[in-house]
Amino acid sequence: MSVEFTFRMIGMVICALLGARFGLDAATSVGLPADVSSLLFALIGVLFGLIMTPYLTVRPVRAISKTINSMPVEVVFMAIIGTLIGLLLGLLLAYPLSTLAQPLGGILPPAASVVLAYLGLTLFTVRSREFWAFLTDWLGIGRRRAFAGMGMERQLLLDTSVLIDGRIVDIAKTGFVGG
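Take the sequence shown: its position 117, counting from 1, is numbered 117 in the numbering used here, and each next residue is one higher.
Because the hints were derived from the structure by calculation, they are not lab data.
Some hints here could point you the wrong way.
[To be verified] Straight-line alpha carbon distances no greater than 20 Å define the calculated SDA-like cross-link-like pairs of lysine to any residue that follow:
id : residue 1 : residue 2
1  : 66        : 77
2  : 173       : 129
3  : 173       : 137
4  : 173       : 141
5  : 173       : 121
6  : 173       : 79
7  : 66        : 76
8  : 66        : 162
9  : 173       : 73
10 : 66        : 79
11 : 66        : 121
12 : 173       : 162
13 : 173       : 156
14 : 66        : 85
15 : 66        : 4
16 : 173       : 163
[Said to hold, decoys possible] Label-pair ranges, simulated between beta-carbon atoms:
id : residue 1 : residue 2 : range
17 : 56        : 98        : 25 to 35 Å
18 : 66        : 129       : 17 to 27 Å
19 : 87        : 163       : 44 to 54 Å
20 : 127       : 103       : 53 to 63 Å
21 : 56        : 161       : 33 to 43 Å
22 : 166       : 110       : 49 to 59 Å
23 : 9         : 123       : 49 to 59 Å
24 : 31        : 80        : 47 to 57 Å
25 : 173       : 18        : 24 to 34 Å
26 : 68        : 133       : 37 to 47 Å
27 : 39        : 70        : 24 to 34 Å
28 : 1         : 127       : 35 to 45 Å
It should be emphasised that the depicted structure is a prediction, and the values quoted were computed from it without experimental measurement.
For each residue, glycine too, the CB sits at the ideal point set by N, CA and C.
Sequences and hints are given; from them, build the entire structure.
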């Protein structure tokens, strides 16, 4: 049994129960007996649950998973950091916003947290390379050169085949050779 089928069945049951409950409440408005209205709306809920549940549950999760798997680790890490910073700022703003008069005092704290988390996610994802470079430099990690050069110019003797086939570029990227 697949995950999509399982979610279809769960969605069908939940939507059928919600439809039956809605049918009982709407029986007088529709002009049908309560049991007929409940059955009719339950069947509509069954159809809705069978058809729409995968599009609301499994398929968005698969799309998000595919997107995250195609992103570099640095971008995912910086997106998580940005979201956490946004949520932290939302937490700091939650108490002052909750002291506002109702309904703003109840609506603004979670809304501010969601907006700031989204802004942190977006900012840190778009600028992930700059933030990653800053973070690795600040923490003192990242690529270091194998030989420091001791304050004097290092001279290298290279064979021409290294230059022709491009191996020197790969070696330079590792930090073993400057350039």
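Verification of the supplied hints:
1. The suggested pairing of residue 66 with residue 77 holds, with an alpha-carbon distance near 16 Å, which does not exceed 20 Å.
2. In summary, the hint linking residue 173 to residue 129 is supported, as the alpha carbons are separated by about 16 Å, within the 20 Å threshold.
3. The suggested pairing of residue 173 with residue 137 holds, with an alpha-carbon distance near 17 Å, which does not exceed 20 Å.
4. At most 20 Å may separate the alpha-carbon atoms for a hinted pair to count; residue 173 and residue 141 meet this at roughly 16 Å.
5. Annotation: proposed proximity of residue 173 to residue 121 is violated, straight-line Cα distance about 29 Å (limit 20 Å).
6. Between residue 173 and residue 79 the CA atoms are separated by roughly 26 Å; this puts the pair beyond 20 Å, and the hint is violated.
7. Annotation: proposed proximity of residue 66 to residue 76 holds, straight-line Cα distance about 13 Å (limit 20 Å).
8. The hinted pair formed by residue 66 and residue 162 fails the criterion: a straight-line CA distance of about 39 Å is larger than 20 Å.
9. With a C-alpha separation of about 19 Å, the suggested pair residue 173 and residue 73 falls inside the 20 Å cut-off, and the hint holds.
10. Straight-line distance between C-alpha atoms of residue 66 and residue 79 comes to about 16 Å, which keeps the hinted pair within the 20 Å bound.
11. Distance hint between residue 66 and residue 121 is fulfilled; the C-alpha atoms sit about 18 Å from each other, no more than 20 Å.
12. In summary, the hint linking residue 173 to residue 162 is supported, as the alpha carbons are separated by about 14 Å, within the 20 Å threshold.
13. The straight-line distance between the Cα atoms of residue 173 and residue 156 is roughly 16 Å, inside the 20 Å bound, and the hint therefore holds.
14. Taken as a hint, the residue 66 and residue 85 pair is broken in the structure, with Cα atoms around 25 Å apart against an allowance of 20 Å.
15. For a cut-off of 20 Å, the pair hint linking residue 66 to residue 4 stands: about 16 Å separates their Cα positions.
16. Among the hinted pairs, residue 173 with residue 163 is consistent with the structure: their alpha-carbon atoms are about 14 Å apart, no more than 20 Å.
17. Against the hinted window of 25 to 35 Å, the Cβ-Cβ separation of residue 56 and residue 98 comes to about 31 Å, which satisfies the hint.
18. For residue 66 paired with residue 129, a C-beta distance near 22 Å keeps the hint of 17 to 27 Å intact.
19. At about 51 Å, the CB distance of residue 87 to residue 163 agrees with the hint of 44 to 54 Å.
20. The hint said 53 to 63 Å for the Cβ distance between residue 127 and residue 103, and at roughly 35 Å that hint is violated.
21. Separated by about 59 Å at the C-beta atoms, residue 56 and residue 161 break the suggested range of 33 to 43 Å.
22. Between residue 166 and residue 110, the C-beta spacing of about 54 Å keeps the proposed range 49 to 59 Å intact.
23. As the Cβ distance of residue 9 to residue 123 is approximately 41 Å, the hint placing it in 49 to 59 Å is violated.
24. The hint said 47 to 57 Å for the Cβ distance between residue 31 and residue 80, and at roughly 54 Å that hint holds.
25. For the pair residue 173 and residue 18, the supplied restraint of 24 to 34 Å is violated, since their beta-carbon distance comes to about 57 Å.
26. Checked against the given bound of 37 to 47 Å, the beta carbons of residue 68 and residue 133, roughly 22 Å apart, lie outside it.
27. For residue 39 and residue 70, the Cβ-Cβ distance of about 46 Å falls outside the hinted range of 24 to 34 Å, so the restraint is violated.
28. Taking the beta carbon of each, residue 1 and residue 127 are about 44 Å apart, inside 35 to 45 Å as hinted.
Hints 5, 6, 8, 14, 20, 21, 23, 25, 26, 27 from the list above are not met by this structure, while the remaining hints are.
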